[in-house]
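Below, each chain spelled out in residue letters.
There are 2 protein chains.
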Amino acid sequence: MKNKNVPRLCVSALAFALAAGAAPADEIAEYMDFFEPLPYLPPIPADNTMTPEKIELGKMLFFEPRISASGVISCATCHNPALGWADRIPRAVGHGGQVGERNTPTVLNSGFLESQFWDGREPDLEGQALGPIQADVEMNMTLAEAIERLKEFDIYHEHFGAAFPDDPDPINQDNVAHAIATFERTLNTPNSPLDRFLRGDMQAMSDSQVEGMKLFVDAGCVACHNGPALTDSNFHRFELPGSTDEGRFVVTGDEMDMFAFRTPTLRNVAVTYPYFNNGSVADLHDAVQLMGQQMLGQDFTDTELDRLVDFMHALTGEMPRVEIPALP
Amino acid sequence: MKNKNVPRLCVSALAFALAAGAAPADEIAEYMDFFEPLPYLPPIPADNTMTPEKIELGKMLFFEPRISASGVISCATCHNPALGWADRIPRAVGHGGQVGERNTPTVLNSGFLESQFWDGREPDLEGQALGPIQADVEMNMTLAEAIERLKEFDIYHEHFGAAFPDDPDPINQDNVAHAIATFERTLNTPNSPLDRFLRGDMQAMSDSQVEGMKLFVDAGCVACHNGPALTDSNFHRFELPGSTDEGRFVVTGDEMDMFAFRTPTLRNVAVTYPYFNNGSVADLHDAVQLMGQQMLGQDFTDTELDRLVDFMHALTGEMPRVEIPALP
Numbered sequence: 018m019k020n021k022n023v024p025r026l027c028v029s030a031l032a033f034a035l036a037a038g039a040a041p042a043d044e045i046a047e048y049m050d051f052f053e054p055l056p057y058l059p060p061i062p063a064d065n066t067m068t069p070e071k072i073e074l075g076k077m078l079f080f081e082p083r084i085s086a087s088g089v090i091s092c093a094t095c096h097n098p099a100l101g102w103a104d105r106i107p108r109a110v111g112h113g114g115q116v117g118e119r120n121t122p123t124v125l126n127s128g129f130l131e132s133q134f135w136d137g138r139e140p141d142l143e144g145q146a147l148g149p150i151q152a153d154v155e156m157n158m159t160l161a162e163a164i165e166r167l168k169e170f171d172i173y174h175e176h177f178g179a180a181f182p183d184d185p186d187p188i189n190q191d192n193v194a195h196a197i198a199t200f201e202r203t204l205n206t207p208n209s210p211l212d213r214f215l216r217g218d219m220q221a222m223s224d225s226q227v228e229g230m231k232l233f234v235d236a237g238c239v240a241c242h243n244g245p246a247l248t249d250s251n252f253h254r255f256e257l258p259g260s261t262d263e264g265r266f267v268v269t270g271d272e273m274d275m276f277a278f279r280t281p282t283l284r285n286v287a288v289t290y291p292y293f294n295n296g297s298v299a300d301l302h303d304a305v306q307l308m309g310q311q312m313l314g315q316d317f318t319d320t321e322l323d324r325l326v327d328f329m330h331a332l333t334g335e336m337p338r339v340e341i342p343a344l345p
Numbered sequence: 018m019k020n021k022n023v024p025r026l027c028v029s030a031l032a033f034a035l036a037a038g039a040a041p042a043d044e045i046a047e048y049m050d051f052f053e054p055l056p057y058l059p060p061i062p063a064d065n066t067m068t069p070e071k072i073e074l075g076k077m078l079f080f081e082p083r084i085s086a087s088g089v090i091s092c093a094t095c096h097n098p099a100l101g102w103a104d105r106i107p108r109a110v111g112h113g114g115q116v117g118e119r120n121t122p123t124v125l126n127s128g129f130l131e132s133q134f135w136d137g138r139e140p141d142l143e144g145q146a147l148g149p150i151q152a153d154v155e156m157n158m159t160l161a162e163a164i165e166r167l168k169e170f171d172i173y174h175e176h177f178g179a180a181f182p183d184d185p186d187p188i189n190q191d192n193v194a195h196a197i198a199t200f201e202r203t204l205n206t207p208n209s210p211l212d213r214f215l216r217g218d219m220q221a222m223s224d225s226q227v228e229g230m231k232l233f234v235d236a237g238c239v240a241c242h243n244g245p246a247l248t249d250s251n252f253h254r255f256e257l258p259g260s261t262d263e264g265r266f267v268v269t270g271d272e273m274d275m276f277a278f279r280t281p282t283l284r285n286v287a288v289t290y291p292y293f294n295n296g297s298v299a300d301l302h303d304a305v306q307l308m309g310q311q312m313l314g315q316d317f318t319d320t321e322l323d324r325l326v327d328f329m330h331a332l333t334g335e336m337p338r339v340e341i342p343a344l345p
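Top line first, the protein sequences correspond to chains A and B.
In our numbering, each number is its position in the first sequence, counted from 1, plus 17.
In our numbering, each number is its position in the second sequence, counted from 1, plus 17.
Hints in this document: simulated from the structure, not taken from any laboratory.
Keep in mind that this is a model prediction, so the values were computed, not measured.
C-beta atoms are modelled at their ideal positions from N, C-alpha and C, and glycine is treated no differently.
Possibly wrong hints are sitting among the right ones.
[Said to hold, decoys possible] Computed spacing ranges between beta-carbons, pair by pair: (1) B:189 x A:185: 58 to 66 Å; (2) B:269 x A:178: 50 to 58 Å; (3) A:275 x B:183: 54 to 62 Å; (4) B:271 x A:170: 41 to 49 Å; (5) B:218 x A:182: 34 to 42 Å; (6) A:118 x B:218: 51 to 59 Å; (7) A:323 x B:183: 32 to 40 Å; (8) A:186 x B:299: 23 to 31 Å; (9) B:131 x A:299: 41 to 49 Å; (10) B:313 x A:186: 40 to 48 Å; (11) A:118 x B:299: 34 to 42 Å; (12) B:139 x A:186: 47 to 55 Å; (13) B:153 x A:259: 24 to 32 Å; (14) A:299 x B:216: 48 to 56 Å.
Put together the whole structure using the sequences plus the hints.
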């Protein structure tokens, strides 16, 4: 999906603007080839068509706290739209104030990920959606109870019927998962400074951000953080100081997966702190430094860190404008 | 603020439309005189001017969970915009999953109330706003800690500065209260069927709702439920079966106030279930029947109940459209 012509044309203008001493246009263009603009929508699975009715229902369910045992916890509690669709605390707080083991990942752009959860234990959003409802430290409700609660409301009969018109008994767990996943696939953040830069607006990133982009490539960050969401959706061993979380090993039992986690998306990383599987690192400079040390075996200088962090800020896109639904 | 001319003119049209057998126009007009349309804004206190900057800051604070001990509870947790700005559970669930003693009142139209909380222990929204932050069963944070947390964010320094430009040290508890109260005064629900009916649209209420309105007056409900928010903001003894809550007595120590609660607003009553101080009554028919028995000494017939409940539905106004703020 890369259009190399547009950036190259504009790079000439940038080279002119930067005058002598700046990076040659071709060099910047080569760096740009490592990145892809974020599409407005992620891939839509063939067995879960995106329809307005399903998006609307999914939005209602996403904000619905009655499918939690306490009646006050919804998907939006931890995936809070006010907080980058995450929670900005180290580890999720759920049912009865219990603190979970891991940091809440943002749902923003999660449709671009090729597996879900830190340990990738579900392949897609449909698989992910039902987990937190049932987890005893999150919403703590059986799916059977959740379905019963939803059936109490006439308006849910209407909305499930509209979203799944061929299903004679549409209020069921598969459809809950399909609707939530469909809504989540609309929660994308296009038009970040990087995206606009890649599309040819050479003023969209600052000079420091451009330097950060180059360093991101040269240092090797891009080896794992690539693709539209800046993740390879693959698993890499990472020993976070203080963390005993065995990561993907818990899922596969394979020693090779011990302490391995799926590469997180870097989209909106500046507004989805704190970082890592247990959220123990609050500052983006510290997070970048730690990644350099652990994954690349190098200590970034303060200048390098500043540039990389500046580049991270260029990954903050337009937040989805979601109107809070009126629930029954 | 009543304009009797407009309704009277239109009442003639209704009488024509209803043809023979319907209530005479003058009779309906007399009933209408017991009610007032809801203004778009409640009274604004002289010491807390409403400005766009203060509204915006108040909105941020209303959605801000970092001023709770857990980091996940905000005003919007219990006063959930998706749920009529209340929580639709019997009693509020707060810090650590603790269940409070009382039902969460909606913040909708709360600026029209002449006292706040079920027991009226605060005179205004400025007084109310800081209570839930500190309550150990709600957000469980000292105001000193809350202020410190807010001060960690540059954007709050900007927003408090813009909202309180004459204050050299604007991030303080008084300003938190003033900003939240200002935002809350924007959360009103004008243009309900009753409001449109009172303004002359005689088709805005159904025949059954008009009959319910008349019964509401004739039975005496309007003695306490009057004014723009359909509450006298006064305290009345009410012995709810199963409740041991001493109500306003806890505030005043006056035996006259034992089991007394402030008359709740009936605005949006159909979407702010469950009812009464402990939320023990989920169904609006049951709530109306109980009020008839306890406060008026009468058992409504099923037909009367249906009409009164239909009229209650005519009190649901336009919900405020609030965009979820992006918090730092």
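Right, here's what the structure says about each hint:
| no. | hint | in the structure |
| --- | --- | --- |
| 1 | B:189 x A:185: 58 to 66 Å | 60 Å, holds |
| 2 | B:269 x A:178: 50 to 58 Å | 52 Å, holds |
| 3 | A:275 x B:183: 54 to 62 Å | 59 Å, holds |
| 4 | B:271 x A:170: 41 to 49 Å | 43 Å, holds |
| 5 | B:218 x A:182: 34 to 42 Å | 36 Å, holds |
| 6 | A:118 x B:218: 51 to 59 Å | 57 Å, holds |
| 7 | A:323 x B:183: 32 to 40 Å | 37 Å, holds |
| 8 | A:186 x B:299: 23 to 31 Å | 26 Å, holds |
| 9 | B:131 x A:299: 41 to 49 Å | 44 Å, holds |
| 10 | B:313 x A:186: 40 to 48 Å | 45 Å, holds |
| 11 | A:118 x B:299: 34 to 42 Å | 36 Å, holds |
| 12 | B:139 x A:186: 47 to 55 Å | 49 Å, holds |
| 13 | B:153 x A:259: 24 to 32 Å | 30 Å, holds |
| 14 | A:299 x B:216: 48 to 56 Å | 54 Å, holds |
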